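In case you want the letters, here they are:
2 protein chains.
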Amino acid sequence: MPYVIVVYDVQANRTSKFLKYLRRYLTHVQNSVFEGELTEGTLEEMKTTLESMLDPSESVMVYRMASEKYVERFVFGEDPMDDQQFL
Amino acid sequence: MPYVIVVYDVQANRTSKFLKYLRRYLTHVQNSVFEGELTEGTLEEMKTTLESMLDPSESVMVYRMASEKYVERFVFGEDPMDDQQFL
Chain A
1 MPYVIVVYDV QANRTSKFLK YLRRYLTHVQ NSVFEGELTE GTLEEMKTTL ESMLDPSESV
61 MVYRMASEKY VERFVFGEDP MDDQQFL
Chain B
1 MPYVIVVYDV QANRTSKFLK YLRRYLTHVQ NSVFEGELTE GTLEEMKTTL ESMLDPSESV
61 MVYRMASEKY VERFVFGEDP MDDQQFL
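So the protein sequences, as listed, match chains A and B. Under our numbering, read the first sequence as residues 1 to 87, first letter to last. Under our numbering, read the second sequence as residues 1 to 87, first letter to last.
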């Protein structure tokens, strides 16, 4: 299944809108970074939805790998994923 | 050559330090996101350096792909890469 990394850069008072939307599908790994597996269909929907949510001067980057096995992840400093193991 | 995506989450008054360091090796693609090709040696050095630069509560994520061909990139909203074509 495709694996995606999503990073958004939006106005401070609008982050909660993006957090709320992305949390439905992906894991929150850093301040403005989400990642996880998505079907192609959900990914296409997400791209359309994210684009429609943006105000001028805001941006979102979506990185897509064919599978999680193509990406290796190194975290330095606080790893929010650690906390999530206990939720 | 390995392809990396680096995302940092640091205190606002310390972003310039990270910008300055990462710009030496990678392309600045969004507020706190860099990407580009790196040799394994430079990647190892970068991981060590980034870790040493962090204050408590700050973090850096490094995603590594074996090559750029394993990642597809979608940008919505303002794409800082567009500007760089004219620099």
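If you're looking for bench data, these hints aren't it; they were derived computationally from the structure. No experiment lies behind these values; they were computed from the predicted model shown. Heads up, a few of these hints could be off.
[To be verified] No farther apart than 30 Å at their CA atoms in a straight line, the calculated lysine-lysine pairs in the DSS-like style are these:
| no. | chain 1 | residue 1 | chain 2 | residue 2 |
| --- | --- | --- | --- | --- |
| 1 | B | Lys69 | A | Lys47 |
| 2 | B | Lys47 | B | Lys20 |
| 3 | B | Lys47 | A | Lys69 |
| 4 | A | Lys69 | A | Lys47 |
| 5 | B | Lys69 | B | Lys47 |
| 6 | A | Lys20 | A | Lys69 |
| 7 | B | Lys20 | B | Lys69 |
| 8 | A | Lys47 | A | Lys17 |
| 9 | B | Lys69 | A | Lys69 |
Results for each hint:
1. Proposed proximity of Lys69(B) and Lys47(A) is supported: the alpha carbons are some 20 Å apart, at most 30 Å.
2. Pair hint Lys47(B) plus Lys20(B) holds up; C-alpha atoms about 15 Å apart against a cutoff of 30 Å.
3. Restraint check: the Cα-Cα separation between Lys47(B) and Lys69(A) comes to about 20 Å, which is no more than 30 Å; the hinted pair holds.
4. Note on Lys69(A) and Lys47(A): the hinted pairing holds, with a Cα-Cα distance of about 22 Å set against a maximum of 30 Å.
5. Simply put, Lys69(B) and Lys47(B) have alpha-carbon atoms about 22 Å apart, close enough for the 30 Å limit, and the pair holds.
6. Simply put, Lys20(A) and Lys69(A) have alpha-carbon atoms about 27 Å apart, close enough for the 30 Å limit, and the pair holds.
7. For the hint pairing Lys20(B) with Lys69(B), the CA-to-CA distance comes to about 27 Å; that is within 30 Å, so the pair holds.
8. As the CA atoms of Lys47(A) and Lys17(A) are separated by approximately 15 Å, the hinted pair is consistent with the 30 Å bound.
9. Under the criterion of a C-alpha separation no larger than 30 Å, the hint pairing Lys69(B) with Lys69(A) is consistent with the structure, at around 14 Å.
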